[in-house]
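Undergrad: Take a look at the letters that make up each chain.
There are 2 protein chains.
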Amino acid sequence: MSQPSIPQGTRDFSPEVMAKRNYIFSAVRKSFERFGYQPLETPSFENISTLTGKYGDEGDQLIFKVLNNGDFLSKVAPEILDEKNSKKLASSICDKALRYDLTVPFARFVVMNQNKIAFPFKRYQIQPVWRADRPQKGRYREFYQCDADVVGSNSLLNEVELVQIFDEVLSDLKVPSIIKINNRKILTGIAQVAGVSDRMMEMTIAIDKLDKIGLEGVVKELNDRGFSENSIGCISQFLEQSNNADQNFNALEASLANSEIGMKGIEELKYVLDYVASIGLRDSSIEFDVTLARGLNYYTGSIFEVKVKGISLGSICGGGRYDDLTGIFGLPNVSGVGISFGADRIYDAMTELNLFPEALKSNTKILFANFGPTEEKYSLPLLKALRNAGINTEIYPDAAKMKKQFKYADDKGIPFVAVIGEQEMQSNLINLKDMTSGDQVQLSLDELIIKMKNNI
Amino acid sequence: MSQPSIPQGTRDFSPEVMAKRNYIFSAVRKSFERFGYQPLETPSFENISTLTGKYGDEGDQLIFKVLNNGDFLSKVAPEILDEKNSKKLASSICDKALRYDLTVPFARFVVMNQNKIAFPFKRYQIQPVWRADRPQKGRYREFYQCDADVVGSNSLLNEVELVQIFDEVLSDLKVPSIIKINNRKILTGIAQVAGVSDRMMEMTIAIDKLDKIGLEGVVKELNDRGFSENSIGCISQFLEQSNNADQNFNALEASLANSEIGMKGIEELKYVLDYVASIGLRDSSIEFDVTLARGLNYYTGSIFEVKVKGISLGSICGGGRYDDLTGIFGLPNVSGVGISFGADRIYDAMTELNLFPEALKSNTKILFANFGPTEEKYSLPLLKALRNAGINTEIYPDAAKMKKQFKYADDKGIPFVAVIGEQEMQSNLINLKDMTSGDQVQLSLDELIIKMKNNI
Numbered sequence: 012m013s014q015p016s017i018p019q020g021t022r023d024f025s026p027e028v029m030a031k032r033n034y035i036f037s038a039v040r041k042s043f044e045r046f047g048y049q050p051l052e053t054p055s056f057e058n059i060s061t062l063t064g065k066y067g068d069e070g071d072q073l074i075f076k077v078l079n080n081g082d083f084l085s086k087v088a089p090e091i092l093d094e095k096n097s098k099k100l101a102s103s104i105c106d107k108a109l110r111y112d113l114t115v116p117f118a119r120f121v122v123m124n125q126n127k128i129a130f131p132f133k134r135y136q137i138q139p140v141w142r143a144d145r146p147q148k149g150r151y152r153e154f155y156q157c158d159a160d161v162v163g164s165n166s167l168l169n170e171v172e173l174v175q176i177f178d179e180v181l182s183d184l185k186v187p188s189i190i191k192i193n194n195r196k197i198l199t200g201i202a203q204v205a206g207v208s209d210r211m212m213e214m215t216i217a218i219d220k221l222d223k224i225g226l227e228g229v230v231k232e233l234n235d236r237g238f239s240e241n242s243i244g245c246i247s248q249f250l251e252q253s254n255n256a257d258q259n260f261n262a263l264e265a266s267l268a269n270s271e272i273g274m275k276g277i278e279e280l281k282y283v284l285d286y287v288a289s290i291g292l293r294d295s296s297i298e299f300d301v302t303l304a305r306g307l308n309y310y311t312g313s314i315f316e317v318k319v320k321g322i323s324l325g326s327i328c329g330g331g332r333y334d335d336l337t338g339i340f341g342l343p344n345v346s347g348v349g350i351s352f353g354a355d356r357i358y359d360a361m362t363e364l365n366l367f368p369e370a371l372k373s374n375t376k377i378l379f380a381n382f383g384p385t386e387e388k389y390s391l392p393l394l395k396a397l398r399n400a401g402i403n404t405e406i407y408p409d410a411a412k413m414k415k416q417f418k419y420a421d422d423k424g425i426p427f428v429a430v431i432g433e434q435e436m437q438s439n440l441i442n443l444k445d446m447t448s449g450d451q452v453q454l455s456l457d458e459l460i461i462k463m464k465n466n467i
Numbered sequence: 012m013s014q015p016s017i018p019q020g021t022r023d024f025s026p027e028v029m030a031k032r033n034y035i036f037s038a039v040r041k042s043f044e045r046f047g048y049q050p051l052e053t054p055s056f057e058n059i060s061t062l063t064g065k066y067g068d069e070g071d072q073l074i075f076k077v078l079n080n081g082d083f084l085s086k087v088a089p090e091i092l093d094e095k096n097s098k099k100l101a102s103s104i105c106d107k108a109l110r111y112d113l114t115v116p117f118a119r120f121v122v123m124n125q126n127k128i129a130f131p132f133k134r135y136q137i138q139p140v141w142r143a144d145r146p147q148k149g150r151y152r153e154f155y156q157c158d159a160d161v162v163g164s165n166s167l168l169n170e171v172e173l174v175q176i177f178d179e180v181l182s183d184l185k186v187p188s189i190i191k192i193n194n195r196k197i198l199t200g201i202a203q204v205a206g207v208s209d210r211m212m213e214m215t216i217a218i219d220k221l222d223k224i225g226l227e228g229v230v231k232e233l234n235d236r237g238f239s240e241n242s243i244g245c246i247s248q249f250l251e252q253s254n255n256a257d258q259n260f261n262a263l264e265a266s267l268a269n270s271e272i273g274m275k276g277i278e279e280l281k282y283v284l285d286y287v288a289s290i291g292l293r294d295s296s297i298e299f300d301v302t303l304a305r306g307l308n309y310y311t312g313s314i315f316e317v318k319v320k321g322i323s324l325g326s327i328c329g330g331g332r333y334d335d336l337t338g339i340f341g342l343p344n345v346s347g348v349g350i351s352f353g354a355d356r357i358y359d360a361m362t363e364l365n366l367f368p369e370a371l372k373s374n375t376k377i378l379f380a381n382f383g384p385t386e387e388k389y390s391l392p393l394l395k396a397l398r399n400a401g402i403n404t405e406i407y408p409d410a411a412k413m414k415k416q417f418k419y420a421d422d423k424g425i426p427f428v429a430v431i432g433e434q435e436m437q438s439n440l441i442n443l444k445d446m447t448s449g450d451q452v453q454l455s456l457d458e459l460i461i462k463m464k465n466n467i
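Protein sequence lines correspond, in order, to chains A and B. Here the working numbering is used: the first residue of the first sequence is 12, the next is one more, and so on. Here the working numbering is used: the first residue of the second sequence is 12, the next is one more, and so on.
Take these hints with a grain of salt, some might be off.
If several chains are the same, the list does not tell them apart, and a pair holds so long as it fits within one copy or across any two.
[Said to hold, decoys possible] No farther apart than 25 Å at their CA atoms in a straight line, the calculated lysine to any residue pairs in the SDA-like style are these:
#, residue 1, residue 2
1, Lys41, Gly401
2, Lys86, Pro146
3, Lys412, Leu342
4, Lys418, Ser103
Hints are computed from structural coordinates only; laboratory data are not their basis.
Start from the sequences and build out the full structure, keeping to the hints where you can.
TA: Quick look at the structure:
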């Protein structure tokens, strides 16, 4: 029998890794709920028609399809089989596909339940998604997304609160972060002023690469795409002035004065920045970045991206406002705004910066050593009392050699070992060994419970 | 555009349902960790060879296969395509399949990581599984399993603790439960005494149906299968004497006296029951049931099933000991024992018995009404203070009509609405309306925080 393996681009999450991942998910979940977002889960597979055509041609290629069960060929027309065209055959033998993101299933849910939902509808969703991308470092075929969206409200207060959520989660996790913000309407204004309104998407895609290919690269790409010299000059000017400081902000405002939509974008941006400043952020900073574009073409207002200060890693969060997400399913004009936390990237950043608490190593606080039937039976009520007090406790299931039992505690990162021998049974005390310091103390059950409660 | 839908046998879990499901999952997770079980997650799809041949022919038919991406037909031999045999073609165009349960992926994980794992390895796993079963009431194509297993230990102490976990979880959830226990070795003993050792599996399958088809039905099935009259008589005698009371236990012991394995089964059973009795259960009862068989053929020792007292519903939990789960992947002789909670069944039982707490209706404790920009800006620092104090709080994002805002709180089950108007801004107090009683009080921020903390 060959050694078993797992599919390319997938991962097992061992207990040690799970503890760290759950630490991240808990922080995200807690903040989502703190701000009134409620959990939603959708099925892992959707009808294939729900997903196709929503992610562009490239996206469509990356959707995992689920084969129909039973004698799936019996329903396929012979011509289609004879053609030997994979794409055509796939659509005849697969009715379902694994979800590619959480946004489209969310839109589908909203449309299906529009008469039951209380709008504005604030939902969060933490579930895996699947993409048939070529696996590489940091890119997986199965990975979790953590999304919060509110639909049915145009209010920019939602943007303000989503910025607060970025800050709260990342401050809780101690990840030093810069929240970058821009507004699609500003980019639309730039396209107007540069005379390329009809090629807004192409311009955005090029600008989106500024980080990776620099201004020169962007200019080259626009050139290659046949943008006029004038337009390119105008766009570069915007990109150069860019960022941060107030005077640039004023310069931008002056340059966009003739674009109504551009001015609207600036107004929205100022509102969000103003409110955020008045409430104050904990540990993150926020920064306007006119070069922030975000690839997704459904964004129409505010856009966000979060980067980690001091290490080079792509963005760890993103998001933005969209005016018509549910339109694809026949429910137009439902504006919404949402954000997404990239759990894998955050995990990598926290690993690099050594930010995971030591205590995550084990859920179990005490291991009772096992000397045999008498000691075992004596120990069980003690274990019960500790567990009832909320302390995670286990007993080694066999009377194995002490060395082996201590090694088990060590391997599992259990911080304390309780040793109950004849003497302890007589004195009614528990001998507790601190696995870090090696110190041993004799404690009554009550003292042990108090010690552990202070230790959690 | 046609109204979107979801695939047969799958479900969306709305926030209201999610709150209830998470209530169940939290109770399960808490107890698993209380007893030293640690979380594990495996990929949603496995290599198809990992799954096929592990669940019997019937199971194999129910495995969902994932279509290979790209031009999958290019790797298929023309003969296979010409044959138009769905089963053969499937194995040429699908390398991956969705997991069918959590047990096989767990065994695969243990074998792959045998040199890194600290044995005994206690893991729990709460993830969805997929089966292409015909959907019907209470049976879904995607559903969660909640498993805890320990491998690498023969100790019956594990069984004792797993029984305690059943009791703790179901007592926490207030589900009145009977834990049924038997031992496969007793069934093997019965087969020996009845002279049908070589047809143990057939006998077990028949006995397993006793609940549904009665003793008469079992006798008929054994008859149909060609068991001799003598054997059937002997088996029925065991089934008749069965259950509960000590004298029957003694009768069973006497009848099995000539079967070494049968006596071993009784010894194991007594050990578990003894220990459980000495520790005591909270709200559940435990009951020996010689007719409990469990279909799965990998069980070799203790077997469990849990039923809800007073309502007719299949078992809500199950489990048992297996001697050679990892043998299928080339690692023999790793004994283990595990249990599984059926989240959907528990959900149904709790709904029927009205056991979900009222407070689950909303995560949000307070909604701030929104009267416009001035009140909004005044309110935001109050929201921040409440959230920092750990109180889930939201503000209606627009200055909509009060009626609409109160309806929103009502629909979402938010228990309190804070109203901040001109008067409140002047007095520095918050007008808090209790949505259940209709009472209104004026509170300072500090008083509000204390009131809410007592309310959580």
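Undergrad: Of the hints stated earlier, which fail here?
TA: As far as the earlier hints go, only 4 is violated by this structure.
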